[in-house]
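Novice: Okay, here's what each chain looks like letter by letter:
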Amino acid sequence: MSNQETVVSALERRIDMSVPLADIEKDVEARLKKMSRTVKMPGFRPGKVPFRMVAQSYGPQARSEAIGAAVERVLGEQIQAQNLRIAGYPSIEPKEASGTEALEFTAVFEVYPEIVIGDVSAQEIERPQLEVSDAEVDKTLDVLRKQRTTFAAIERAAQEGDRVVIDFTGRKDGVEFDGGKAADFPFVIGAGQMLKDFETAVLGLQAGESKTFDMTFPADYHATHLAGQTVQFEVVVKKVEEPKLPEIDAEFAKSLGVADGDVAKMREEVKANLEREVKRRIQARIKERVMNVLIETHPIEVPKALVQQESQQLAENAKRDFEARGMQTKDLPIDASWFGEQAARRVKLGLIMSELVKSKELHAKPEQIRATIEDFAASYEDPSEVVGWYYSQPQRLAQAEALVIEDNVVEWVVSNAKTSDVATSFDDLMGNAA
Amino acid sequence: MSAFKEERLMQVLLAPQISEKATYIADKNEQVVFRVASDATKPEVKAAVELLFKVEVKAVQVANVKGKEKRFGKMIGRRKGWKKAYVCLKPGQEINFAAGE
Numbered sequence: 001m002s003n004q005e006t007v008v009s010a011l012e013r014r015i016d017m018s019v020p021l022a023d024i025e026k027d028v029e030a031r032l033k034k035m036s037r038t039v040k041m042p043g044f045r046p047g048k049v050p051f052r053m054v055a056q057s058y059g060p061q062a063r064s065e066a067i068g069a070a071v072e073r074v075l076g077e078q079i080q081a082q083n084l085r086i087a088g089y090p091s092i093e094p095k096e097a098s099g100t101e102a103l104e105f106t107a108v109f110e111v112y113p114e115i116v117i118g119d120v121s122a123q124e125i126e127r128p129q130l131e132v133s134d135a136e137v138d139k140t141l142d143v144l145r146k147q148r149t150t151f152a153a154i155e156r157a158a159q160e161g162d163r164v165v166i167d168f169t170g171r172k173d174g175v176e177f178d179g180g181k182a183a184d185f186p187f188v189i190g191a192g193q194m195l196k197d198f199e200t201a202v203l204g205l206q207a208g209e210s211k212t213f214d215m216t217f218p219a220d221y222h223a224t225h226l227a228g229q230t231v232q233f234e235v236v237v238k239k240v241e242e243p244k245l246p247e248i249d250a251e252f253a254k255s256l257g258v259a260d261g262d263v264a265k266m267r268e269e270v271k272a273n274l275e276r277e278v279k280r281r282i283q284a285r286i287k288e289r290v291m292n293v294l295i296e297t298h299p300i301e302v303p304k305a306l307v308q309q310e311s312q313q314l315a316e317n318a319k320r321d322f323e324a325r326g327m328q329t330k331d332l333p334i335d336a337s338w339f340g341e342q343a344a345r346r347v348k349l350g351l352i353m354s355e356l357v358k359s360k361e362l363h364a365k366p367e368q369i370r371a372t373i374e375d376f377a378a379s380y381e382d383p384s385e386v387v388g389w390y391y392s393q394p395q396r397l398a399q400a401e402a403l404v405i406e407d408n409v410v411e412w413v414v415s416n417a418k419t420s421d422v423a424t425s426f427d428d429l430m431g432n433a434a
Numbered sequence: 001m002s003a004f005k006e007e008r009l010m011q012v013l014l015a016p017q018i019s020e021k022a023t024y025i026a027d028k029n030e031q032v033v034f035r036v037a038s039d040a041t042k043p044e045v046k047a048a049v050e051l052l053f054k055v056e057v058k059a060v061q062v063a064n065v066k067g068k069e070k071r072f073g074k075m076i077g078r079r080k081g082w083k084k085a086y087v088c089l090k091p092g093q094e095i096n097f098a099a100g101e
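Protein chains in written order, with full-length UniProt numbering: chain P, 1 to 434; chain B, 1 to 101.
Hints were generated in silico from the structure; no laboratory data involved. Virtual Cβ for every residue (Gly too), placed ideally from N, Cα, C. Check before you lean on any hint, since a few could be wrong.
[As the list claims (entries may be wrong)] A few chain P residues facing chain B, derived, Cβ under 10 Å:
#, residue
1, P20
2, L21
3, R45
4, M53
5, R267
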């Protein structure tokens, strides 16, 4: 067998191979013989079918199997002999000019890139710093209060922020249209739930009052038969309700899960939660930065096959995600190519990280895994049960392990790179301006 | 040209009978087994085989095969009977069914 390897590009390899036809013929015959002992055919008892008939009906199948096996074997030998690490599946093309005594084919595949751990010491990593103070706790409590707003009926004209309960009937050219009628319909003025014009019209009305007004739907309204049309609405206000923010008192504390209603204790708890959240976000920031650093310092080429696999995986995930949200994915063409860049990045990171873990001994230690899981569990009501749940499922455990490895890598990079502490504002870190 | 109409000969042979027994006697006596129309005669079968497979036939033996009796509960039914023809070819002749025709 003459085999020849050529390097196509940095990662792509091409191997020309040939297998003697005689070998294949022998293999075909052996396969057919084995088959003829069990094969069934009408008119014959199993195993009594003449060999010639078996060869006639199963010959092509046996032949392609034999060729496949031979190719695989030869390729395997080559890979072993040359110590190649193949990424993805090799694609095999038969050569057209195959001779009469040997089958020639070409295998094209990609190998894993050689990764040299780069120098991260010149890279700078910012570490956001933030102390959770009373101001942050107050802010969070404000958000919580807003979420628990209650409405109380009041005798006055409706204002911005009030909730009104109305009956309304919409007519276009004197005829009621679809979806233009509702009774006891509550909405909050200014929340953007209704069209702006509609809300403005209701403003200033008292309970028991009614009003008839013309309104033009915006041209880009989602119901096409109404878009841009002018209609007449008749509105009867049944109730005007004023928003009431709950006071920060024992009642409020209880609703947040502090059983004895101690306000100080509630603040403590909110603060602890915030601190945990801040820590998590800071970690995430650092991690992201570290990943960027890794990619910048390791300019490697990634095997296309792996990227393709990864992007297909991502597309699958996205599809499942949509399905979980109850969307029809059939008419939603999710193409794997959309995820190309993301997939390339993930593959790259995966390769770099696994190399780092191998060369720097950053494997997850059992006690680290334990600590991570306990950390997860801390925010649940019954931590020990959560811990047990994690340990009972190898899949969950693997997840925790992956996290630990990631953390180890981050730690290693941080300790090897230049770091600077940067004070960050709370809103900036939380990514909202609440 | 034989004494039979081609139209009739096309309807005589129904199918080759492929079985353990058929392959056994094919090896032993240079015979080929066919299912033929129930009203076919030996000369008709001979002419039909010579016409369709372009071979020379030495002799034809025929047998009427009785259909099997089959029961479904208390009902007794009978499968159709059929005529089997053993066609003996002249030495050196062969019919290759896989080649079609």
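Novice: Now, for every hint given, state plainly whether the structure supports it.
Specialist: For each hint, the structure was consulted:
{"no.": "1", "hint": "P20", "in the structure": "violated, 28 Å"}
{"no.": "2", "hint": "L21", "in the structure": "violated, 23 Å"}
{"no.": "3", "hint": "R45", "in the structure": "holds, 7 Å"}
{"no.": "4", "hint": "M53", "in the structure": "holds, 8 Å"}
{"no.": "5", "hint": "R267", "in the structure": "violated, 85 Å"}
Hint compliance for this structure: hints 1, 2, 5 are broken, all remaining hints hold.
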